[in-house]
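Chains as they are written, first to last, in this note's numbering: chain A, 1 to 410; chain B, 1001 to 1295.
Hints were generated in silico from the structure; no laboratory data involved. Using N, Cα and C, we set each Cβ at its ideal position, and we do this for glycine too. A portion of the hints provided could be inaccurate.
[As the list claims (entries may be wrong)] On the chain A side, residues computed to face chain B include the following (Cβ under 10 Å): (1) E249; (2) T253; (3) P274; (4) G278.
[To be verified] Each pair of labels, with its calculated beta carbon distance range: (5) A:E376 x B:G1068: 21 to 29 Å; (6) A:A225 x B:P1195: 53 to 61 Å; (7) B:K1097 x A:R298: 57 to 65 Å; (8) B:R1286 x A:E194: 47 to 55 Å; (9) A:N255 x B:G1109: 46 to 54 Å; (10) A:R95 x B:G1109: 25 to 33 Å.
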Amino acid sequence: MMKRKLLALALSAMLLPATGSALAQTTGKISGDVVKIAVLTDMSGVYSDLGGKGSVVAAEMAIEDFKAQFKPKFKVELVSADHQNKADVGSNKVREWYDTQGVDMVTDVLNSGVAIAVAKVTTEKNKIMINAGAASTRLTNEDCAPSNVVHYVYDTYALANGPGTAVTKQGKDTWFFLTADYAFGASLEKDTTEAVKAAGGKVLGAVRHPLNASDFSSFLLQAQASKAKVVGLANAGGDTINSIKAANEFGLTKNQTIVGLLTTIIDIHALGLPTTQGMMFTEGFYWDLNKETREFSRRFFDKMKKMPSMLHAGTYSAVTTYLKAVQATGTDDTATVMKKMHETPINDAFAKGGRIREDGRMVHDMYLVEVKKPSESKEPWDYYNIKQVIPAEQAFQPMALSRCPAVAKK
Amino acid sequence: MTEIFGVPIQALFGQLMLGLVNGSFYAVLSLGLAVIFGMLNIINFAHGALYMAGAMLAWMGMEYLGIGYWWMLVLAPISVGLIGIAIERLMLQWLYKLDHLYGLLLTFGLALMIEGLFRDLYGVAGQPYSIPEEFSGAFNLGFMFLPKYRAWIVFASLSVCLATWYMVEKTRLGAYLRAATENPQLTQAFGINVPLMVMLTYGFGVGLAGFAGVLAAPASQVGPLMGSNLIIVVFAVVVIGGMGSILGSVVTGLGLGIIEGMTKVFWPEASATVVFMIMAVVLMFRPAGLFGREK
């Protein structure tokens, strides 16, 4: 009996410090007086121009601006890592950050595979992930976790919806897809097909190409033979770039419109205007929208020697939004900060009147852009004509279609 | 319109033509690998990186020095060849006595370093390089719209392959080379400077990679990853053709390009793997490759 009591005492003595610190975290103000933000991204692979070092720089800028404006009493620290586009590398890193380094919030997290894995760890550890880079709509549907995860910049629905609807309504109503043969490409093709059909268009066919194919001319010839008015590129990065280049060379652009479904200013810059003129696609951000975006982007340009992608601008905004919520509530407690972020409209260089919905989707205006002719471009990086501002309510998947269990329960 | 398996015959001709274009790249690259393996017994994993370096040099020449495509078609392979000679003199030459594995590891490491260097300097999205003016536009062949530049790729690659084959098989220099491959000690005893020939062979082999890089620059995006996307297929081509066989690598390169092109029509999802399926089958029946000799 005595022995058992002793054992219980010893056990509780061992447990005490642990519960003590856990208590301190939930009731205390800011754990360790430090708010720690982490940027998890692809530093060396195919997406490293889209996010990569630029995202780290954007996060640094956000912290700098926040400190200058609010003079906070707490310290803000930034860490970053390369997930090499591997879900296991990413989730292990994030676990380490949460467990041993006191990280409160992780952002960027491009690559849907990595993002879904990291979202699970984040929920398990009850921290915050603001995803600025991954595209999959699963993050706000099947795999949603609205009390821990915010999907910030764009998703496959938003990318597909803009061009799918607008281009079809212009009378370019027959489509053919060039689709990267993996989950992301298939979901992009599916979302676009739905938008095209809803707008009264028809899909004539699709060809699935392997990821990182070295030559696209053969697939493009099939697209050409389909006689579709629009060729939709349901792929990304280098695959998109090489598809566009070959499309131009084989004369597709003369009779058919090329629509990139995940194309960014980085791709346009890499290809140059002569090759890309006339292309249409959806963007979440453009540096030359107004005075505020220009100021932010020029500052970014001074550091990176390139204009920000929507991921970079989104990462800046995500970090700012998070820090403002911490400042307003005076704590880094997950539930409190998340509640504050959900309540507060987002107004900064990236988004005007943005808001975080109950499924974790941050909705904001998106832009349907057309690439300028070389003669229309007045300076380097002057690439887009904004054809249409897609209002926040229409840009993203309506709540009525949500497949998020946490939302359905309510 | 006549159809074969539901595909119009005209479209099929178009795809055959494209297969030939891709096959030309495989041929030039695998030729370089075959020459190097035949002479040095080195499996040159840096080949893809040096192919990329050729393309990057073409772009850099245009961007920084204003040197056009035609000059770079000569200068870039020579520069890549010189880089190769430096690699051979400083590093590779110490490895000939050791197992193949050491050369493979060294060149693989070099490939990673060269790619990493360009990635760090220029990012991964790549650089635009436009088609030289002489070749803008296309031939209308009736059954397809063939860009003039693609036609030039086939012509230029086949000429280079033919010239290489002629040099190795029909000239005195080629005879020395073949003798040095067969029995280096004996050849040296006849007063032929074998180390010099080995060095030049490696330089020439990687120079071919640089040449293919410049050829590819206007047709695909010039970026640090372009080599690693291609090189694995090229290795498969060399294995199928038979390690070290010059004629084998050229014929196999073109043939596999065409087979791959056909796969893109009938079963596009498999187009990245078809070459490896063929490799597996060939290795089962002819372990030395289609044109290789068992030692």
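Hint check results:
For E249 (chain A), the interface hint holds, since its Cβ comes within 10 Å of a Cβ in chain B; the closest pair sits about 5 Å apart. Restraint check, T253 (chain A) versus chain B: the minimum CB separation of about 12 Å is more than 10 Å; hint violated. Because the beta carbon of P274 (chain A) sits about 7 Å from the nearest beta carbon in chain B, less than 10 Å, this interface hint is met. With a least beta-carbon distance of about 16 Å to chain B, the hint placing G278 (chain A) at the interface is violated under the 10 Å criterion.
For E376 (chain A) and G1068 (chain B), the Cβ-Cβ distance of about 27 Å falls inside the hinted range of 21 to 29 Å, so the restraint holds. Between A225 (chain A) and P1195 (chain B) the Cβ separation comes to about 55 Å, which falls inside the hinted range of 53 to 61 Å. A hinted range of 57 to 65 Å holds for the C-beta pair K1097 (chain B) and R298 (chain A), which are about 59 Å apart. A hinted range of 47 to 55 Å holds for the C-beta pair R1286 (chain B) and E194 (chain A), which are about 50 Å apart.
Judged by the Cβ atoms, the range 46 to 54 Å given for N255 (chain A) and G1109 (chain B) holds: they are separated by roughly 48 Å. Restraint check, R95 (chain A) to G1109 (chain B): a C-beta distance of roughly 31 Å satisfies the suggested window 25 to 33 Å.
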